[in-house]
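So the sequences go chain by chain: B and G.
If you want this note's numbering, it's the position in the first sequence, counting the first as 1, plus 17.
If you want this note's numbering, it's the position in the second sequence, counting the first as 1, plus 965.
Keep in mind that a hint or two might mislead.
Some, not all, of what chain G presents toward chain B, calculated at C-beta under 8 Å [said to hold, decoys possible]:
#1 Pro1034
#2 Phe1035
#3 Leu1040
#4 Ser1056
#5 Trp1057
#6 Ala1059
#7 Phe1062
#8 Ile1063
#9 Ser1066
#10 Ile1067
#11 Lys1116
#12 Ala1117
#13 Thr1118
#14 Leu1180
#15 Tyr1181
#16 Ser1185
Ranges between beta-carbon positions, derived for each pair [what the hints assert, rightly or not]:
#17 Lys29(B) x Ile1070(G): 54 to 60 Å
#18 Trp60(B) x Lys1043(G): 34 to 40 Å
#19 Ile124(B) x Gly1177(G): 56 to 62 Å
#20 Thr153(B) x Leu1182(G): 46 to 52 Å
#21 Asp138(B) x Trp1044(G): 30 to 36 Å
#22 Ser1185(G) x Cys74(B): 57 to 63 Å
Quick caveat, the hints were computed from the structure, so don't treat them as lab data.
Note that CB positions come from ideal geometry on N, CA and C, so glycine has one too.
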Amino acid sequence: MQEKVLVVDQQKCTGCRLCELVCSVFHTGASNPSRSRIKVVKWEDVGLYLPMACNHCEKAYCVEVCPTKACHREPENNNRVTIDKKLCIGCRTCIIACPFGHPFFDIHDRVTVKCDYCDGDPQCVRFCDVKAISFTDADKTNVAKKREAFLKYAESMKQIR
Amino acid sequence: MIAIYLYLAGMGAGSFVIGILIQWGALINWMGVKLNPLFLPSIVLFGHTLNLSSVPILWGPIMVAIGAPFLILDLGIKWRFMYACLNPRTSWVARGFIILSIFIIFGLVLLAKSVLPFEWLHAESVLWRIPEIIAFVFALGTAIYTGILLKATKSIPLWNTHLLPLLFLVSALSTGSMAIILATLGTGLFSHDASALKVLMYAVQILVVIEGIVLYLYLSGRYRVSEQGKDSVRLLLHGEKKFIFWGGDVLLGLVLPFVLVSIAAFSHGNILLRLGVLHAGIKDQIPMHRLMEIQYDMRAMKIKENWNAGKGIGR
């Protein structure tokens, strides 16, 4: 099966934080952005908004450090890294280990939670009005960049002629 | 709460290691020098005579056993703490759980051996060396383990170094031997110039000096390794954490014990005063040091998060 990943186009994001809302509604039933699995990091002074979700790293530190194997990889499910709520003891070691500051501690459930692609239908993608987040095949993530680079290349070749 | 655990575990494991070294040192001629064991009397409790000759060994496991529940209190779901040993293959938390459990169990076995009034338990057989050796190894493990746990965090440059476990081990040993000195001085019953005590005092001075050297190497090494490491060390030396570092860690933790032990080794002054200040010295050293590092890395993580997120834009 083709793996799919979350791709963020940071230039499109308006920082509306709708993704945080729908994420928390989907996962917890509460409309509470502080419990969402995606966080929009904002630099208001330069107008930069960046939705940060789990990268589901190939070599995931959170999986390595988890003492209970609650944090594990599911190859059959988009190769996602996910945390088993029933096994997690809330030790927060994965939060310390993650280089991207991703897993979050859920105050209400007293366990650590993280992005799990909403079981194949990411709500943040569905509800993003400006399509800043997309759920695409892993080998097509940089098609836009490639196209841009080749256009530049073609342009420069024309100039040389 | 983590700081309480770190303090108790460091001191307990350190004093256990030192205490057992003293006991072994008393048993054999060690490099031609025969150590006198610390002279500790027996007390009568509930009609039983308790032999206190190995007290430094005994309070180690007790301290670690008192400290360990603080770790559990820090968990999100407390009653699931037994799950923490499920993944010893890659996780240092799971390995630490096992190390701590074994140390506490064997330490308490040794404690039971010397406290319980059964005659058959008191047999000084060679067999008792086996649990002693196991407990000794795992006490070293307890002292080092916290350092390794932090070292295994690859994404935080301030922690990811081999010197950190070494630093924690040396500070645990110096704190432990300091605690033994305090206990022997504090009871006021003992001759001040017991030879083991003198050896201990020299040991503490050497350990404190080593600790200072390791601390210097650690910080300078971290300063060079990367941008974030540089930020962390700067924050420690000149930033908002500088008072804790210079006051709590360097002055109270390193300079004072060294000076006081030097004085104590050569003169007979006011023991109580010395005791109070010494106590402040060792008490502040470990939790402050480690708490500060933890707080620190929370900041370093934030900086790093910003860095990863925006490639440094907007700082």
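Hints, one by one, checked against the model:
no.: 1; hint: Pro1034; result: violated (14 Å)
no.: 2; hint: Phe1035; result: violated (13 Å)
no.: 3; hint: Leu1040; result: holds (5 Å)
no.: 4; hint: Ser1056; result: holds (4 Å)
no.: 5; hint: Trp1057; result: holds (7 Å)
no.: 6; hint: Ala1059; result: holds (4 Å)
no.: 7; hint: Phe1062; result: holds (7 Å)
no.: 8; hint: Ile1063; result: violated (10 Å)
no.: 9; hint: Ser1066; result: violated (13 Å)
no.: 10; hint: Ile1067; result: violated (16 Å)
no.: 11; hint: Lys1116; result: violated (12 Å)
no.: 12; hint: Ala1117; result: holds (7 Å)
no.: 13; hint: Thr1118; result: holds (6 Å)
no.: 14; hint: Leu1180; result: violated (22 Å)
no.: 15; hint: Tyr1181; result: violated (26 Å)
no.: 16; hint: Ser1185; result: violated (24 Å)
no.: 17; hint: Lys29(B) x Ile1070(G): 54 to 60 Å; result: holds (58 Å)
no.: 18; hint: Trp60(B) x Lys1043(G): 34 to 40 Å; result: holds (39 Å)
no.: 19; hint: Ile124(B) x Gly1177(G): 56 to 62 Å; result: violated (41 Å)
no.: 20; hint: Thr153(B) x Leu1182(G): 46 to 52 Å; result: holds (48 Å)
no.: 21; hint: Asp138(B) x Trp1044(G): 30 to 36 Å; result: holds (34 Å)
no.: 22; hint: Ser1185(G) x Cys74(B): 57 to 63 Å; result: violated (31 Å)
Hints 1, 2, 8, 9, 10, 11, 14, 15, 16, 19, 22, counting from the list given before, are not met by this structure.
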